[in-house]
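Engineer: The primary structure of each chain is shown beneath.
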Amino acid sequence: MSHSLDAYLILAGILFSIGTFGFLARRNAISMLMSIELMLNAVNLTIIAFGAFIPTLKVQGSVIALIVLAVAAAEATVGLSIVIAIYRNRKTPLVDEYDTMRD
Amino acid sequence: MSWADLATIAPLAAAILVAGLVIVTDIVLPGRRVPALIVSFVGLAVVAGLVIAVGAHPATAFAGAYRVDDLTTYLDLLFVAVIALTLMFAPDYLAARDLPLPEFAAVLIFALSGVLLISASGDLLILFLGLELMVLPGYLLAGFAKRDALSTEGAIKYFLLGSFSSAIFLFGLAFVWGLTGTTRIDGVATALRAIVAGSTPLTPGLAMGLAFLTTGVAFKIAAVPFHYWTPDAYQGSPTPVTGYLSVVPKVGAFALILRLFVGALGPLSADWDIIIVLLAAATMTLGNLVALTQDSVKRMLAYSSIAHTGYMLIGLAAWSSPNSRIEGLEGLLYYGAAYAAMNLGAFAVIAALQRRTGISSQLESFAGLGRREPFLAILMTLFLLSLTGIPPTAGFFAKAYIILAAVQAGGPAGILAVIAVLNAAAAAFYYLRVVVYMFMREPRGEPAPIFLGRLMRLGLIVAAVLTMVLGLVPGLLLPIVGNAARALTL
Amino acid sequence: MNIADLPLISLITFVPLVGAVVIAFLPRNQPGAIRVTALVFALVSFGLSLLLLVGFNPTNPNFQYQEVHDWIPVFGIQYKVGIDGLSALLVVLTTTLSWISILASFRPIKERLKEYMISFLILEVGLIGVFVALDLFLFYIFWEVVLVPMYLVIGIWGGSNRIYATIKFVLYTLVGSLLMLVAILATAFSFQGATGSWVGAFDFVTLRGFAATSGFAGNLQVFAFLAFFLAFAIKVPMFPFHTWLPDAHVEAPTAGSVMLAAILLKLGAYGFIRFALPIFPAAARTFGPLIIVLSLIAIIYGAIVALVQPDWKKLIAYSSVTHMGFVTLGIFIFQEQGLQGAILQMINHGLITGGLFLLVGVMYERTHDRTIAKFGGLASRAPVYSAAFGFFVFASVGLPGLSGFVGEFLVLLGSFAYNPWVAAIATSCMILAAGYLLYMFQRIFTGELSDFLRGLGNHLTDISPIEMLTVVPLAALIVVFGLFPGLLLHMVQGTVTTVLTELNGVSAIRVFFWQ
Amino acid sequence: MAIPDALPFINLRWDDLLFIILSVVLVGSGLLVVTLRDIIRCGLAMMVCFAALAGLYALVGAPLVAAAQVLVYIGAISVLVLFAIMLTQTKAAPARLVFQTQALPAAIAAAVLGLLIALTVGATNWNAVAAPIRTGTAILARVLFDQFVLPFEIVSVLLLAAVIGGIFLAKREEDGPA
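Protein chains in written order, with the numbering used here: chain A, 1 to 103; chain B, 1 to 490; chain C, 1 to 515; chain D, 1 to 178.
If we strip away everything but chain A, and leave its shape as in the complex, we get (with noise of 0.2 Å):
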């Protein structure tokens, strides 16, 4: 099982949909960037079973994966920064509470 390139990918499917699922459900904003980062390993796994059963592949597959576990960093800064200046003006993390534009 752990010899199969299938088991990986369908394991990175699995973490991608729950990821997923996450994002569409949670209301609170750290929550779906949590189900962001989630959705973000799913891609990494995927890569890394990719370049461990694709003898083409190999090395790049860990750098690629290195590559956006920065990027992943970043974002997640980005991200956090934005959800602590809201939490200043408004006081909730929740994402469906920020409706002050719809008319």
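Please note that a few of the clues may not be correct.
One side only, chain D facing chain A, incomplete, derived with CB under 10 Å [what the hints assert, rightly or not]:
| no. | residue |
| --- | --- |
| 1 | Asp16 |
| 2 | Val34 |
| 3 | Val60 |
| 4 | Gly61 |
| 5 | Leu64 |
| 6 | Val72 |
| 7 | Thr88 |
| 8 | Val121 |
| 9 | Thr124 |
| 10 | Ala128 |
| 11 | Leu144 |
| 12 | Ser156 |
| 13 | Ala162 |
| 14 | Leu169 |
| 15 | Ala170 |
One side only, chain B facing chain A, incomplete, derived with CB under 10 Å [stated by the list, open to error]:
| no. | residue |
| --- | --- |
| 16 | Ala53 |
| 17 | Pro137 |
| 18 | Ala142 |
| 19 | Lys146 |
| 20 | Thr152 |
| 21 | Ile156 |
| 22 | Phe159 |
| 23 | Leu160 |
| 24 | Phe164 |
| 25 | Phe175 |
| 26 | Asp271 |
| 27 | Ile275 |
Keep in mind the hints are simulated off the structure, nothing from the lab. For clarity, every value in this text was computed on a predicted model and none was experimentally measured. All residues carry an ideal CB built from backbone N, CA and C; glycine is no exception.
We have chain A already, so just place chains B, C and D on it with the hints.
Structural biologist: Chains B, C and D only, in chain A's frame:
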């Protein structure tokens, strides 16, 4: 990395350096606006010069990961111009709200480096990184008025949906990479060509990867039904940022589409063109219908920018027909430039109106503008006429070109041409409503006169002149656009 | 320097634009200067347009005074202008009515005079441009340029319900014209596909030649003709696309109504004769009978609705629907007298309805009301005005000796040759039209002075010399053309012959079960 | 005494066993992240999830990525998230309002998506080898600084931009109505 590589990425490196320099300037001379502006504008001029210098000799660097061709040069110059215009429109607005200019300029120029990267990428990974480098500063800019609840609110929505779509895009990218074994755009194209030729079958995995990529991109350009973050993000952002957001990330995403769909997935165009046709039709129609019901001009322009995305998608749909490959791309690229000038101009007028805080962008606040501020009102009329597509403005010629390409393509794209003009007629209603308020309604009370900074005035005039020139003498830009389009199709 | 060396057409077209720019730099607080500047530039353009007539050679079947410059060479789009007899007459009609309208606006327009004069001069640019453009792309641009100033004129200086009227006007016109844009592009592309080159793809003369020799494909003709038809039919306006017209007329300021009735309505008819028939002759033959039916409906409908209008201006607006119905009828019977009559009717309707709207405006200035029921016995208080109005009413009714008669008579003659029933229906409506116009005249001018008018006291003065100056030239032309219709017929004979020659060799396209 | 290759009795290889355990932990903690009511616990579950992923990376032969995963995701991002949670979750934050009203459709959509991915994966021939290949650290470094030097540099720019902007947005202003 070699010296040749370094020389090729000089514009990109320069843009990053300029962003850093602006920060340094702010550290050395804290809180000063003029030095930061000077550094920014000089820096942008240098970047533009380097773009032209490097663009004179199409080349690739980093083993094909980075490629400079005529398309790169055209898009880069367009982006530099848009960033410069945004920097002209922003200072008045920011000063009135006590927001720092140097940070704004630095983040804006970081975003510029992102789009420079997109337009020059020969590699899917670079493409993705460019995309991130473009949108991350965008999130920050959207929330730049950090004491304003609307601004941060727009920013968080923009951020969450943007990151969500990035994850989807990346997931698709992983599958395409895993199945084609490469992230180079040429490599992917070669692999796909083999599939089309029938020597290898199209696997379900690859199809899924492509589906994820398309979905991610559709979010990025705010195509219907992936558009729903746009209005909130646009309305909440500081107005000069809204102008920026409605142009750079959108045209940048189209640059990505050109590199991705035309460059890499081109061989499969017969499979995805109907999707593009449907996306285009839905996007322009829904964008226009919702814009019809808006009372806030800023929000109305946000929805109308969705509609313009639809018009630009027609160019892509036309490309996928062999009759009109060049024309479709030319139309798309021309539309990008025209759209940039007129849309930035329209948002700049709103920004000028909001120079004093507390002014909303409701239609009411435009009442009697023709009498109070003839300069702004006439420019706004010009921009709105151009957005409507009335000759002899840039918007007209761009639309005519897109329609010509669609007519030439025939088939489903030909039907798009008719849908597009009916949409344009419907759009006239809401654009002209603003004109009605400006010239045909009297203001309530006695609004104070608006003071326009010199940069703001200059920027507005530049945008207006561009809007007129691109409509009157399209022959100036057409050869450039043609070269850019051919660079991609070769 | 010879007159023939001057780019005369461009001068006529763009002199008003120069005037608009000059006015833009005049100070707002000098209304006198603004008025005079506008009038002077309009008069210069008018004078130059008279020169056109002097040098025009009616026996030369080609376009004259041509100017050709490359504009967007990639697609063979040119700045190409030139005139034939039809264009020449319409250009002169435009320049004439432009200065008259500007003169007529001197008193009524007090608000935002500067913007008004600029709009009016730009309107003139667009209108002249439409009549002289020989490149389809250029034609489209002028066609749209007309829209914006007219929109502003109605929307800013119009009556109480002006915004509704102006938006309706724009939306109707835009839907048609944008589809026409698609058709123009499709035609050009089809030409490019057939010849392998973009050169001449937008050039009218080349396209006409192509249509006469190889001809465009049937389905393109059908589509493009329908798109052109929609654009032109909305402008004419033909039934059932006419509903914007009464609103726009009623709300527009006097000079706006004059330009609308006298010139803008001609754009559609001009488009049919100039572009739709020569380029898509087979499709024109296909849809001809349908358009004749629509024309007859317009004639009857306009007359009946006009009969019951309580509003003076609206009544004249609906009478335009009837008169323009004669024009489209004359065009689409594809027959020499019909086409001649249609063209004459275009010119005459411009002169007569222009005059009527001017005179309605004169009285509105004094009474601020247009309800026919409130008027009565006006002849006793304003005899000169009444005489003038009577003159135009009789011209409109088609009194022999005045120009209105000739056009309608020729159309009837042509339609009799086409089908006696058609002629019979049209004739009966002419009588109806005479009825409602005279009935209106009787209600307003004869009898006892009404209470409403009496209440106005000394405000109700007779027509002033300046106002008289605006209608006298029109009246003079009506008489001249009524007595010597040959002047006009001679001018347009070349156009008529060319158009009909091309139509004759062609038979209709089969569209589904049609034909 | 040598450890047998496979688990006695059920004949399950050790690495398969490890895979199963890690997968269960991964999916379980992932589900907890998106369903738990208390957001602090969500954050903690996310750390567990990241740790399981690091284990999987090590198992499949990418030890460096596993190390980076621990450093960046657990050491930096999770801590940042927890920090933000602490900062924003005041007593007023209603922990009961966890889900949107359309949580059920979202769940169905996500389940369909997962199923679709699984089916697609099963139906595709990936040209994979039978056993994972290990990636050496030395070759990785060479590739990173040679073939991938441009992406590497860009990522650092990206982080720089994010940090500059992040600091601006998140810093409290002395004079402003914070």
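Engineer: Under 10 Å, Cβ to Cβ, is where Ile275 of chain B needs to be relative to chain A, so tell me if that hint holds or is violated.
Structural biologist: Constraint on Ile275 of chain B not satisfied, violated at 21 Å.
Engineer: Take the shortest C-beta to C-beta distance between Ile156 of chain B and chain A; is it under 10 Å?
Structural biologist: At about 5 Å, which falls below the 10 Å cut-off, the nearest Cβ of chain A leaves the hint on Ile156 of chain B intact, so it holds.
Engineer: May I ask you to test the interface hint for Val60 of chain D with respect to chain A, counting a Cβ-Cβ separation under 10 Å as satisfied?
Structural biologist: With Cβ-Cβ at 4 Å, under 10 Å, it holds.
Engineer: Identify whether the interface hint at Pro137 of chain B stands, where standing means a beta carbon of chain A within less than 10 Å of its own.
Structural biologist: Holds, about 9 Å.
Engineer: Classify the hint on Thr88 of chain D as holds or violated, based on whether any CB of chain A lies nearer than 10 Å to its CB.
Structural biologist: Holds, because the Cβ-Cβ distance from Thr88 of chain D to chain A comes to roughly 4 Å (cut-off 10 Å).
Engineer: Given a cut of 10 Å on the nearest C-beta pair, is the interface hint for Val34 of chain D held or broken against chain A?
Structural biologist: The hint holds - Val34 of chain D has a Cβ within 10 Å of chain A, the shortest such distance being about 3 Å.
Engineer: Min Cβ distance, Leu64 of chain D to chain A: is it shorter than 10 Å?
Structural biologist: holds, 6 Å
Engineer: Does the closest beta carbon of chain A sit nearer than 10 Å to the beta carbon of Leu160 of chain B?
Structural biologist: holds, 5 Å
Engineer: Any CB of chain A closer than 10 Å to the CB of Leu144 of chain D?
Structural biologist: For Leu144 of chain D, the interface hint holds, since the closest Cβ of chain A sits about 5 Å away, which is under 10 Å.
Engineer: Hey, does the Phe164 of chain B contact hint survive, CB to chain A under 10 Å?
Structural biologist: At about 5 Å, which falls below the 10 Å cut-off, the nearest Cβ of chain A leaves the hint on Phe164 of chain B intact, so it holds.
Engineer: Go through the hint on Asp16 of chain D and say holds or violated, using the shortest Cβ distance to chain A against 10 Å.
Structural biologist: holds, 5 Å
Engineer: Hold the hint about Lys146 of chain B up to the distance rule: shortest CB distance to chain A must be less than 10 Å.
Structural biologist: holds, 5 Å
The structure shown violates the earlier hints numbered 16, 26 and 27.
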